[in-house]
Amino acid sequence: GAVVSQHPSRVICKSGTSVKIECRSLDFQATTMFWYRQFPKQSLMLMATSNEGSKATYEQGVEKDKFLINHASLTLSTLTVTSAHPEDSSFYICSARNIRTGGKSYEQYFGPGTRLTVT
Amino acid sequence: AQSVTQLGSHVSVSEGALVLLRCNYSSSVPPYLFWYVQYPNQGLQLLLKYTTGATLVKGINGFEAEFKKSETSFHLTKPSAHMSDAAEYFCAVSGPWAGNMLTFGGGTRLMVKP
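Protein chains in written order, with the numbering used here: chain A, -1 to 117; chain B, 82 to 195.
Errors might be hidden in some of the hints.
A few chain A positions that, by computed beta-carbon distances, are all more than 12 Å from chain B [said to hold, decoys possible]:
hint : residue
1    : Gly51
2    : Lys64
3    : Leu66
Pairs of lysine to aspartate or glutamate residues, derived as EDC-like cross-links and limited to a Cα-Cα distance of at most 16 Å, are as follows [as the list claims (entries may be wrong)]:
hint : chain 1 : residue 1 : chain 2 : residue 2
4    : B       : Lys130    : A       : Glu105
5    : A       : Lys39     : B       : Glu169
6    : B       : Lys150    : B       : Glu169
7    : A       : Lys18     : A       : Asp86
These aren't lab readings, by the way, just hints derived from the structure by calculation. Predicted model only: the values in this text are computed from it and were never measured. The beta-carbon is built from N, C-alpha and C at its ideal position, and this holds for glycine as well.
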């Protein structure tokens, strides 16, 4: 149980285009989803937190107009990188949390990540 | 504010040797503590966690960690390293006062020599 998937696993796009990354909770309802960014050989940095049906909360320094997050359902959140540039190339990881139906609020389940390369 | 420090960005051990990955945290109240493992180009997998109760926590793959409040530490150990343990390990802290948001340490890359 508690499986989170991401799609695509890898994506290459040209500079100036937009790319959408999906994060799905496969066997539970994700009341909250998190988006992290990880540069090579570095730790995870939280970009934003999204609660189902409401606007995402972005961490300081993260451009909300560039990284659009939608959490329209209890099983799906999307991250759209708009007008991507080479410096946006990174590994993006989502995680999901379920505090309903007995889920512990401190438990996060991580997706496998998406490698974005902007050329 | 909470923070996590992992001493040693790289740790190398021989196969069969003891694994010790260090993690110290700063938190004004007892935190929740986690160890995650990340294999190349993959997401994070939870190894173990401490929330309340017994301070020695056993996890998957033979790993364990001990919460020592007096030392503000949560070091990860494994008695005998396997080649398959080679990966990146992250210590993380969270707590109800911070909305249970995870704060990660910088990570430690474990290398296992044959």
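We went through each hint and held it up to the structure:
1. Gly51: holds (18 Å)
2. Lys64: About 22 Å separates lysine 64 of chain A from the closest Cβ of chain B, which puts it past 12 Å; holds.
3. Leu66: Consistent with the label, leucine 66 of chain A stays out of reach of chain B, its closest Cβ about 21 Å off (over 12 Å).
4. B/Lys130 with A/Glu105: Between lysine 130 of chain B and glutamate 105 of chain A the Cα gap is close to 9 Å, so the pair holds against 16 Å.
5. A/Lys39 with B/Glu169: Since the Cα atoms of lysine 39 of chain A and glutamate 169 of chain B sit roughly 9 Å apart, the hinted pair holds (cutoff 16 Å).
6. B/Lys150 with B/Glu169: It is violated: about 25 Å lies between the C-alpha atoms, which goes past 16 Å.
7. A/Lys18 with A/Asp86: holds (13 Å)
Violation of the numbered hints given earlier is confined to hint 6; every other hint is satisfied by the structure.
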